[in-house]
Amino acid sequence: MATIYFNDALRLAATSLLDAGLPHKSKVRLIRDVYGRLRFALDCPLADYPLAGLTQLQQAQAALGPYATSAEVLSHDSFSDPKAVFGSTDWHRTLVALGADEDGAPLGIAEVQLLDRQITGQDWLRPPLECGAAHPHRFVFFGLKGGVGRSTALCMTAWELAKRGLRVLLIDFDLESPGLLGLLLPTHKGAEFGVVDWLLEDAVGQGEAILPRMVAASPLSETTVGAIRVAAAMGRGDPDYLAKLSRAYADVPGVGGPLRMGTRMRTMVERLEAQEKPDVVLIDSRAGLHDLAAVSITGLADTALLFATGGAQSWIGYRQLFSYWQHRPDVAQHVRERLLIVRALTPKSDREAIVRTFQRNAYELFSETLYDELPVGQAAADVLFHPGEKDESAPHFPILVDWDARFQEFDPMLRPEGGGATQAQIDGAFGQLIERLLSRLEGDDA
Amino acid sequence: MSSETKLIRQGIQEAASALDQTQVSARQPPSFTYVPPAHARALDPEATLIEGMRGAGKSFWWSLLASNEHREFVQKNFTEARLPARIVVRQGFGTAFSNQNYPDPETLAQLVQAFKPRIIWRAVIATHARFEGSFAQLTDWPQRVQWIASNPEQFSVALAAADARFEQTGSTLLLLFDALDRLADDWQHIRPLAKGLLQVALEVRSTKRMRCKVYVRPDMLRDEEIASFPDFSKLEAGKAILTWRRADLYALLFQRLGNASQGGAPFRTLAHALAGIPNDLASSAWKVPQQLRTDEAMQEKLFEMLAGKAMGANTKRGKPYTWLVNHLQDSMDQVSPRSFFAALRAAAVETPADDLLPLNYRGIQVGVQQASQIRVKEIIEDYPWVKWVMEPLRGNLTVPCGILDIEKIWKDEQTVSQLEGRLSKQGDAVKLPPQNLDFGTSGILADLESLGILERIDGKRIQMPDVYRVAFGFGRRGGVKPLK
Numbered sequence: 054m055a056t057i058y059f060n061d062a063l064r065l066a067a068t069s070l071l072d073a074g075l076p077h078k079s080k081v082r083l084i085r086d087v088y089g090r091l092r093f094a095l096d097c098p099l100a101d102y103p104l105a106g107l108t109q110l111q112q113a114q115a116a117l118g119p120y121a122t123s124a125e126v127l128s129h130d131s132f133s134d135p136k137a138v139f140g141s142t143d144w145h146r147t148l149v150a151l152g153a154d155e156d157g158a159p160l161g162i163a164e165v166q167l168l169d170r171q172i173t174g175q176d177w178l179r180p181p182l183e184c185g186a187a188h189p190h191r192f193v194f195f196g197l198k199g200g201v202g203r204s205t206a207l208c209m210t211a212w213e214l215a216k217r218g219l220r221v222l223l224i225d226f227d228l229e230s231p232g233l234l235g236l237l238l239p240t241h242k243g244a245e246f247g248v249v250d251w252l253l254e255d256a257v258g259q260g261e262a263i264l265p266r267m268v269a270a271s272p273l274s275e276t277t278v279g280a281i282r283v284a285a286a287m288g289r290g291d292p293d294y295l296a297k298l299s300r301a302y303a304d305v306p307g308v309g310g311p312l313r314m315g316t317r318m319r320t321m322v323e324r325l326e327a328q329e330k331p332d333v334v335l336i337d338s339r340a341g342l343h344d345l346a347a348v349s350i351t352g353l354a355d356t357a358l359l360f361a362t363g364g365a366q367s368w369i370g371y372r373q374l375f376s377y378w379q380h381r382p383d384v385a386q387h388v389r390e391r392l393l394i395v396r397a398l399t400p401k402s403d404r405e406a407i408v409r410t411f412q413r414n415a416y417e418l419f420s421e422t423l424y425d426e427l428p429v430g431q432a433a434a435d436v437l438f439h440p441g442e443k444d445e446s447a448p449h450f451p452i453l454v455d456w457d458a459r460f461q462e463f464d465p466m467l468r469p470e471g472g473g474a475t476q477a478q479i480d481g482a483f484g485q486l487i488e489r490l491l492s493r494l495e496g497d498d499a
Numbered sequence: 003m004s005s006e007t008k009l010i011r012q013g014i015q016e017a018a019s020a021l022d023q024t025q026v027s028a029r030q031p032p033s034f035t036y037v038p039p040a041h042a043r044a045l046d047p048e049a050t051l052i053e054g055m056r057g058a059g060k061s062f063w064w065s066l067l068a069s070n071e072h073r074e075f076v077q078k079n080f081t082e083a084r085l086p087a088r089i090v091v092r093q094g095f096g097t098a099f100s101n102q103n104y105p106d107p108e109t110l111a112q113l114v115q116a117f118k119p120r121i122i123w124r125a126v127i128a129t130h131a132r133f134e135g136s137f138a139q140l141t142d143w144p145q146r147v148q149w150i151a152s153n154p155e156q157f158s159v160a161l162a163a164a165d166a167r168f169e170q171t172g173s174t175l176l177l178l179f180d181a182l183d184r185l186a187d188d189w190q191h192i193r194p195l196a197k198g199l200l201q202v203a204l205e206v207r208s209t210k211r212m213r214c215k216v217y218v219r220p221d222m223l224r225d226e227e228i229a230s231f232p233d234f235s236k237l238e239a240g241k242a243i244l245t246w247r248r249a250d251l252y253a254l255l256f257q258r259l260g261n262a263s264q265g266g267a268p269f270r271t272l273a274h275a276l277a278g279i280p281n282d283l284a285s286s287a288w289k290v291p292q293q294l295r296t297d298e299a300m301q302e303k304l305f306e307m308l309a310g311k312a313m314g315a316n317t318k319r320g321k322p323y324t325w326l327v328n329h330l331q332d333s334m335d336q337v338s339p340r341s342f343f344a345a346l347r348a349a350a351v352e353t354p355a356d357d358l359l360p361l362n363y364r365g366i367q368v369g370v371q372q373a374s375q376i377r378v379k380e381i382i383e384d385y386p387w388v389k390w391v392m393e394p395l396r397g398n399l400t401v402p403c404g405i406l407d408i409e410k411i412w413k414d415e416q417t418v419s420q421l422e423g424r425l426s427k428q429g430d431a432v433k434l435p436p437q438n439l440d441f442g443t444s445g446i447l448a449d450l451e452s453l454g455i456l457e458r459i460d461g462k463r464i465q466m467p468d469v470y471r472v473a474f475g476f477g478r479r480g481g482v483k484p485l486k
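Residue numbers (our numbering), protein chains in the order written: chain S, 54 to 499; chain F, 3 to 486.
Keep in mind the hints are simulated off the structure, nothing from the lab. Be a bit skeptical, because a hint or two may be false.
Example chain F residues on the side facing chain S (calculated, C-beta under 10 Å, incomplete) [what the hints assert, rightly or not]:
1. Arg213
2. Met307
3. Gln367
4. Val482
Owing to the predicted nature of the structure, the values given are computational and were not obtained by experimental measurement. The beta-carbon is built from N, C-alpha and C at its ideal position, and this holds for glycine as well.
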């Protein structure tokens, strides 16, 4: 018998559920543990499930080799609080590709109910339960890798929005690279505490106390109508940042079970919003497929700006993320309309062809993973989401941010005659981004 | 909902409905006319070659310029079109087949058997230039063409004399030619007639007071057998192109809506308040203010007052101003005014009577779908072969699809081999086959592409804009499949 690898296990389990003879199929679910091992779980007391079916499931489970924990099939009897387990919001309708037959013809797709217990990354699949309280529009700035001008774009956005009279709250989630927002807040002007401090103090019940001492005003907003308020990753002159960072992601005991990092980050953002009363919140997300990015994109963002440069790495990474969502259609439907792709560092030479290629690639990525398939003769409408390739408001329609050496080592406090940037130059590089974000804000109260 | 809202909704229907058919430009109120910047250049008598896609307005201007009342409106309100005060406009070929102003296709078919196309067109020129002497006595086309063929030198003399008469009266003769694909039933006969016409149009430019204006589709200008004669580059250099940018479409809407008998007045009040200029309707016709012709941001603000800010609960699904136009684009990003107004009219009809705005987003969605149906119906009327090649594909494909998938269906259904037979049985409708049929299926795909119906991407696949996809019965590929 062929060796069973991670990639095979879920497919085999899903295939075994297709057997027409299997009773009460809707009761049979799958739980995958942190090692990737699978178990069938019956959403009923064991006694309610026909014995023949049970035997069949036990055999199928045993056939998963190293990816089966034991032959035991779980049921309501296996848990002290079956309601909590089977009612968890982490169950997802999950699509599993069944591979191909011997002739290479695809065998189609099966649908299973899967509870995926992961060490990290759970937050990629946790959209907020319907909105909660009203909050200011949250823009998350995300890039698969660093060095694409994400932080610069974020700072310029904050500044431009403040010039237009908005009160901007900026929260730095990039805990692994503190201080990248120096453009907005020189370290010596920072607040006493940072985001990392809140995560530690909250764990011992003191989060609320440091909240007012986490936010500082950016010197950039001294001359703007609106304010820029910054909650940095690190407090001013922190003597022991790494010791804190290594503890920051821990789950914390709570009244109704452990509070996960994602939940805690959301709480912090909500408290900061309540304290600062901003018109708009900008979140600098950590780069890469990290949990902090998962929390901010899936759990917090009203709009997630996905920075990409058009190289193969950009597309491969985003395709992985999008198809992860694609296989959980309920999550995909929740997330997709919040995304906006940004073509970062757009070069000035050969621009038209580069932009055209990027547009096409972005459209194909979104349409093949996150957009709805449109049946023959049917247009996209309220239920079906599939904007046209040239639809300027669509998630895939790239916002162009220009490459401009001027903004690489940029001092926004410098006047143009002293070598700083003029408004026209800022508009040239970041104008599209600002316009698109403003229209998003405006659309909230349409 | 105010009574103004209802009036403006009616006004949108009124503004939209006059644009139903090609021939109506002379029947719509003159004040419904708007001249976009690119079109102003195409109206200038000095622009001889006018390129325009299907639906760009070739026949529209062909018909409108010949109407004195409408031309006067343009002369007065759009001076950038540089139409001289004294001008005689005549139609030298087009779809209003009369045999009076020009030989109809049947007559042309007879004439080409005995005469070169250039001789035929010179006879048309001579007729409208009112050649004197023996020519003036002739009453039918064969006689006139025969005269030109027999009297080559006298033609030049008479042409100069006619030019001098126009010079004396300070007037200009402008001759309009349209619908070149109706010159004959097949490309073999169209090509020499079209080429001869272009040559004669160039010839006429040697006069002072006579000019031709030939409206041509871009694919005909790419045809080597039409556009390859020694001095063609001279025509090409002065070519004007009829395009509709987004701002042009909205300016046209505002021009018409502002002059609608219902809703015109409340709409003008909105427009003037926004543009910050006094609302003084001195004459009987209102002219869309300059800012509302080209400033897209201001246009969008005004359109928001008619259709709201968002295509849904928020702008994540887009904004009406851009959404409407984006969803009507063909594969060359072109939107014909007729599609635009078809969608607007349906949107006005679909919007519930008690809605707070003249148009709501659901109405616009329905409008776009109806415009798609209308668009397909029109293109099939113009090019019946499109129907024969698209019908076998209906319901069978999801775009993007492979070129091979299409070719397989055509092969299985013997679509190509049956095409010409089917067209010849069409009765008196258009019998024209695809221009590149000689190149087989790839020729047909090229022709569909040049009509803006589809687009070939990376050499292997076919993409299709929604404006055609929906009505031609294709699906669109997506990562999230419908629940089974």
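Right, here's what the structure says about each hint:
1. Arg213: violated, 36 Å
2. Met307: The hint is violated - Met307 (chain F) has no Cβ within 10 Å of chain S, the shortest such distance being about 13 Å.
3. Gln367: holds, 6 Å
4. Val482: holds, 5 Å
In this structure, the earlier hints numbered 1, 2 are contradicted, and the remaining ones agree with it.
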